[in-house]
Amino acid sequence: MGQKAVISRLAATLVRAFLVILLIAMPSLMLPGVSPDSAQIVALVALFAAVLVIIEYASAYPGLIEFRDAPPFNRVRFASLFITVLLLTLVTQGVYEPSTLSSFVTAVGALIGHAIDFPYSPVRLVVLMLPENTSIEHITLVRTAAGISYLVSLLTLAAFLIILRIQGWPSRNGSFNVWVNLPTFDPTAGGDVVERLERDARFNIALGFLLPFLTPAVIKAAASSFGAMSLENPQTLIWTVAAWAFLPASLFMRGIAMGRIASMIQQKRREANADADGEFLPA
Numbered sequence: 000m001g002q003k004a005v006i007s008r009l010a011a012t013l014v015r016a017f018l019v020i021l022l023i024a025m026p027s028l029m030l031p032g033v034s035p036d037s038a039q040i041v042a043l044v045a046l047f048a049a050v051l052v053i054i055e056y057a058s059a060y061p062g063l064i065e066f067r068d069a070p071p072f073n074r075v076r077f078a079s080l081f082i083t084v085l086l087l088t089l090v091t092q093g094v095y096e097p098s099t100l101s102s103f104v105t106a107v108g109a110l111i112g113h114a115i116d117f118p119y120s121p122v123r124l125v126v127l128m129l130p131e132n133t134s135i136e137h138i139t140l141v142r143t144a145a146g147i148s149y150l151v152s153l154l155t156l157a158a159f160l161i162i163l164r165i166q167g168w169p170s171r172n173g174s175f176n177v178w179v180n181l182p183t184f185d186p187t188a189g190g191d192v193v194e195r196l197e198r199d200a201r202f203n204i205a206l207g208f209l210l211p212f213l214t215p216a217v218i219k220a221a222a223s224s225f226g227a228m229s230l231e232n233p234q235t236l237i238w239t240v241a242a243w244a245f246l247p248a249s250l251f252m253r254g255i256a257m258g259r260i261a262s263m264i265q266q267k268r269r270e271a272n273a274d275a276d277g278e279f280l281p282a
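Taking numbering that gives the first Met the number 0, the leading residue of the sequence shown gets 0, the next gets one more, and so forth.
Treat the hints as calculated values from the structure; they're not laboratory data.
One thing to keep in mind: the hints can contain errors.
[Said to hold, decoys possible] The following label-pair restraints were derived from C-beta to C-beta distances:
| id | residue 1 | residue 2 | range |
| --- | --- | --- | --- |
| 1 | Val44 | Leu160 | 29 to 35 Å |
| 2 | Pro130 | Leu206 | 24 to 30 Å |
| 3 | Gly189 | Ala10 | 27 to 33 Å |
| 4 | Ala48 | Val107 | 15 to 21 Å |
| 5 | Leu46 | Val107 | 29 to 35 Å |
| 6 | Glu131 | Pro31 | 28 to 34 Å |
| 7 | Val193 | Pro130 | 45 to 51 Å |
Only a predicted model underlies this, so the values are computations on that prediction, with no experimental measurement involved.
Backbone N, C-alpha and C define an ideal beta-carbon position, used for all residues, glycine too.
Input sequences plus hints: build the corresponding full structure.
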């Protein structure tokens, strides 16, 4: 059984590494006109990310990836980023090589973008950060990409909450190892663990809510010093918009997960106190 477990863990690790490579290389593989230099850089980044995933998931000790042994947290995050990059690649591909699928995704994305593009919305702020001389076609493309990405992030949060409710994460998966799943969180740093987890949860949720609004504003403010971001390059557009939508959703999920862990620790403490009180009751 031990040998089978090792083989199964190694196979799962290799599958994860392949999916990471596919995610990073997807825009370069699907978009036309990618230069050899860009393709080589993408290949190096994909290879480095795959090696990192193999090292992380093949090891029994904590590393850099949080919630490594607490599925489906990372699976939901990866699926969200994969779907976002795939849809944005199809939208961008439709500009150069239109197809039925890319036209359909672009049409749906345009509807979503127009629906979400109201005053002070995150999509409107992304559009406003573009230079003043940007063409209408490119503004429409950026609006479509932002609308799709933001919708995927909202659906990801909804799916994650449903999974938490159905599966009872993380308690249903057995014991939760804080050392492995939260490698950057030190339980012995001082203060009550529950209070620190709840504080970090509130901070992540607040930052996840504000980040879609703050990022375009910061980029717009920095345009006077560093130049405006036009997002004319297809791969720059894909990864910038994907990161703009994915990072806040990921912070939201992290905050919700840490809040659940704090609740689980509180529940375990109440059960332990109840058991201890029961032992001292007179017969």
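Now the hints, each set against the structure:
| no. | hint | in the structure |
| --- | --- | --- |
| 1 | Val44 to Leu160: 29 to 35 Å | holds (32 Å) |
| 2 | Pro130 to Leu206: 24 to 30 Å | holds (28 Å) |
| 3 | Gly189 to Ala10: 27 to 33 Å | violated (41 Å) |
| 4 | Ala48 to Val107: 15 to 21 Å | violated (30 Å) |
| 5 | Leu46 to Val107: 29 to 35 Å | holds (34 Å) |
| 6 | Glu131 to Pro31: 28 to 34 Å | holds (29 Å) |
| 7 | Val193 to Pro130: 45 to 51 Å | holds (48 Å) |
Hints 3 and 4 from the list above are not met by this structure, while the remaining hints are.
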